[in-house]
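Modelling step: build the complete structure from the supplied sequences, incorporating the hints.
Respectively, the protein sequence lines represent chains X and B.
Going letter by letter, the first sequence gives residues 16 to 126 in my numbering.
Going letter by letter, the second sequence gives residues 637 to 750 in my numbering.
Please keep in mind that the hints were generated in silico from the structure rather than gathered at the bench.
It should be emphasised that the depicted structure is a prediction, and the values quoted were computed from it without experimental measurement.
Derived contacts from chain B toward chain X, CB cut-off under 10 Å, selection only:
#	residue
1	LEU677
2	CYS727
3	PHE740
Just the calculated beta-carbon pair ranges, DEER-fashion:
#	chain 1	residue 1	chain 2	residue 2	range
4	X	LYS56	B	GLY652	22 to 32 Å
5	X	SER77	B	SER703	35 to 45 Å
6	B	PRO675	X	VAL28	13 to 23 Å
7	X	VAL27	B	ASP687	36 to 46 Å
8	B	ASP674	X	PRO23	11 to 21 Å
9	B	GLU705	X	LEU85	38 to 48 Å
10	B	LYS706	X	VAL28	40 to 50 Å
11	B	LYS707	X	LYS18	27 to 37 Å
A virtual CB, placed ideally from N, CA and C, is assigned to each residue, including glycine.
Single-letter residue listing:
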Amino acid sequence: EDKVVQSPLSLVVHEGDTVTLNCSYEVTNFRSLLWYKQEKKAPTFLFMLTSSGIEKKSGRLSSILDKKELFSILNITATQTGDSAVYLCAVANFGNEKLTFGTGTRLTIIP
Amino acid sequence: DVKVTQSSRYLVKRTGEKVFLECVQDMDHENMFWYRQDPGLGLRLIYFSYDVKMKEKGDIPEGYSVSREKKERFSLILESASTNQTSMYLCASIETSLNYNEQFFGPGTRLTVL
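Printed below as a string of C-alpha cells:
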C-alpha cells in the first residue's frame, strides 16, 4: 500500500524564522511528488517534483526531491504570518490516476 | 481560470438521510476526484472518474457512491448518512494524467451528520 508521511505534524515559529517541512514516501512506480498549501479552504498547488536534486523555487519557498532516499523537503525562509497554513505533500505514481496524500504539517507563524 | 465549484460550503444532515454533494468544473477536464479530509488523517480518496459514466474506487469507498452523467459534473452520494461521515469533502479535477500540477480543488463542503 502506498504511504506518504509528513513531519512534523505541527510547527510554531516566529516571523522571520526559516522552516523545513519533511515528506517521505513509499510508493510503487513513483512518478511525481507535489506540495500544496491549504489555508482556510481548498489546497493550492505549490510545486511538482519529478527528478532528484533539482531545486524548485518560488519566492521564499523552495523544494527538493531525493528519489534514492525517498523524501522531499519544503523550505520557507523569512517566514511571514501569511505562511500560516497546512502544507500537504502528495505522491503520484504511474499506472493510475490518483494521488496519495500525507496528513499534512500545520505551520503557525507568530508575529 | 479553471473553476471547480461545489454545491454547498456547509451542510447539516441527520443520520439515515440521503445526501448529494455536487461538483462542477468548467474546463472540460477528464479526471475528477472526491476526497474527504479529517484531522490527523489528511486527504483520502473516496472515488474518482476518468470519463463520463466511468468511475473507480479510491481508498475509502465504503458508504459512498458516485455519478458522472456529464463531463463537467461529478456527484458524491451518501445513501444513508452516518455520523462517521461528518467531514470536509473536497472535489478536484485535472485535465490529463500527465499534468498533476494542473489539479484544481473546489472550496470544500463541510458536512455534519447528526
